[in-house]
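Going by the working numbering, the first residue of the sequence shown is number 671, and it counts up by one from there.
Because the hints were derived from the structure by calculation, they are not lab data.
Just so we're clear, the structure is a prediction, and the values are computed from it rather than from any experiment.
Errors might be hidden in some of the hints.
Said to hold, decoys possible - In the SDA-like style, the derived pairs of lysine to any residue whose C-alpha atoms are separated by at most 20 Å in a straight line are:
| id | residue 1 | residue 2 |
| --- | --- | --- |
| 1 | Lys683 | Asp713 |
| 2 | Lys678 | Lys722 |
| 3 | Lys780 | His755 |
| 4 | Lys722 | Gly758 |
| 5 | Lys774 | Ser711 |
| 6 | Lys774 | Val687 |
| 7 | Lys767 | Gly743 |
| 8 | Lys715 | Lys767 |
| 9 | Lys770 | Gly760 |
| 10 | Lys715 | Ala738 |
| 11 | Lys770 | Glu750 |
| 12 | Lys780 | Asp713 |
| 13 | Lys774 | Glu744 |
| 14 | Lys767 | Val725 |
| 15 | Lys767 | His729 |
| 16 | Lys780 | Gly684 |
| 17 | Lys683 | Ser717 |
| 18 | Lys780 | Thr707 |
| 19 | Lys770 | Val754 |
| 20 | Lys678 | His729 |
| 21 | Lys722 | Gly752 |
| 22 | Lys767 | Val754 |
| 23 | Lys780 | Pro701 |
| 24 | Lys722 | Met710 |
| 25 | Lys780 | Lys678 |
| 26 | Lys767 | Phe718 |
| 27 | Lys774 | Thr789 |
| 28 | Lys780 | Gln726 |
| 29 | Lys722 | Thr677 |
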Amino acid sequence: MGELSDTKIRVIKGDEVIWEEALTNPEETDPPGRECTAAMSADDKFSFGLWKRDVQRRHFERPYHEVAYIIEGEVEVTDEDGEVHVAGPGDILITPKGSKGFWKNLTPVKKVWGIYEETEANLSAYIGPGGF
C-alpha cells in the first residue's frame with residue numbers, strides 16, 4: 671500500500687487492504703475487530719483508516735478527535751449525558767476529544783475513520799537573552 675506518510679497521490683484498492691487485529695481493552699470479552707491504518711501525517715497527529723467489527727459493546731473515552739463514516743451496519747453511541755445517537759450506512763459520527771460514552775454495534779459495522787491527536791502545549795521554562 672505504500673508508506674503511511676507518503677505525500678504522493680495514491681489509490682488504495684479494496685483488495686489491497688491489509689487488515690490487522692484491532693486493539694482491544696483488557697476487560698473486553700467480545701471478539702476483536704480488524705482495522706487498517708491507510709495513511710498518517712508525518713507528525714503522527716492525523717491518521718486515516720478502516721475498521722470493521724461484528725460485535726462491540728464497550729465504554730470509551732476519546733483521547734483524540736474522531737470522525738467516522740459508517741459504510742456498513744449500525745452503531746448506537748450513548749453519550750455521558752445519556753443521549754443516544756444511532757448511525758448507519760452513509761452517516762458521519764463525530765466524537766470529539768474528551769467524549770465519553772458507551773459504543774454498541776447493533777449489527778456488524780464497517781467504518782472509515784479519521785483521527786486527529788492534539789498535543790498538549792509544552793510550557794517548559796525558557797530563559798531568553800537578558801535573563802528573562
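Hint by hint, here is what the structure shows:
1. Lys683 to Asp713: violated (25 Å)
2. Lys678 to Lys722: violated (27 Å)
3. Lys780 to His755: With Cα atoms ~17 Å apart, Lys780 and His755 stay inside 20 Å; holds.
4. Lys722 to Gly758: Roughly 13 Å separates the two Cα atoms, so the pair holds.
5. Lys774 to Ser711: violated (29 Å)
6. Lys774 to Val687: Distance ~25 Å between Lys774 and Val687 Cα, so the pair is violated.
7. Lys767 to Gly743: violated (24 Å)
8. Lys715 to Lys767: holds (13 Å)
9. Lys770 to Gly760: Outside the cut-off at roughly 23 Å; violated.
10. Lys715 to Ala738: Between Lys715 and Ala738 the Cα gap is close to 16 Å, so the pair holds against 20 Å.
11. Lys770 to Glu750: holds (6 Å)
12. Lys780 to Asp713: At roughly 27 Å apart (the allowed maximum being 20 Å), Asp713 and Lys780 break the hint.
13. Lys774 to Glu744: With a Cα-Cα distance of about 9 Å, the restraint between Lys774 and Glu744 holds, given a limit of 20 Å.
14. Lys767 to Val725: violated (24 Å)
15. Lys767 to His729: Given that 20 Å is the threshold and the Cα spacing comes to 15 Å, the pair holds.
16. Lys780 to Gly684: Satisfied, since the Cα-Cα distance of roughly 13 Å is no more than 20 Å.
17. Lys683 to Ser717: holds (18 Å)
18. Lys780 to Thr707: Measuring from Cα to Cα gives roughly 14 Å; hence the hint holds.
19. Lys770 to Val754: This hinted pair holds, its Cα atoms lying about 12 Å apart.
20. Lys678 to His729: violated (37 Å)
21. Lys722 to Gly752: violated (25 Å)
22. Lys767 to Val754: holds (18 Å)
23. Lys780 to Pro701: holds (15 Å)
24. Lys722 to Met710: holds (19 Å)
25. Lys780 to Lys678: violated (26 Å)
26. Lys767 to Phe718: holds (16 Å)
27. Lys774 to Thr789: Between Lys774 and Thr789 the Cα gap is close to 28 Å, so the pair fails against 20 Å, i.e. violated.
28. Lys780 to Gln726: Holds, at about 12 Å.
29. Lys722 to Thr677: violated (26 Å)
Hints 1, 2, 5, 6, 7, 9, 12, 14, 20, 21, 25, 27, 29 from the earlier list are contradicted by this structure; the remaining hints agree with it.
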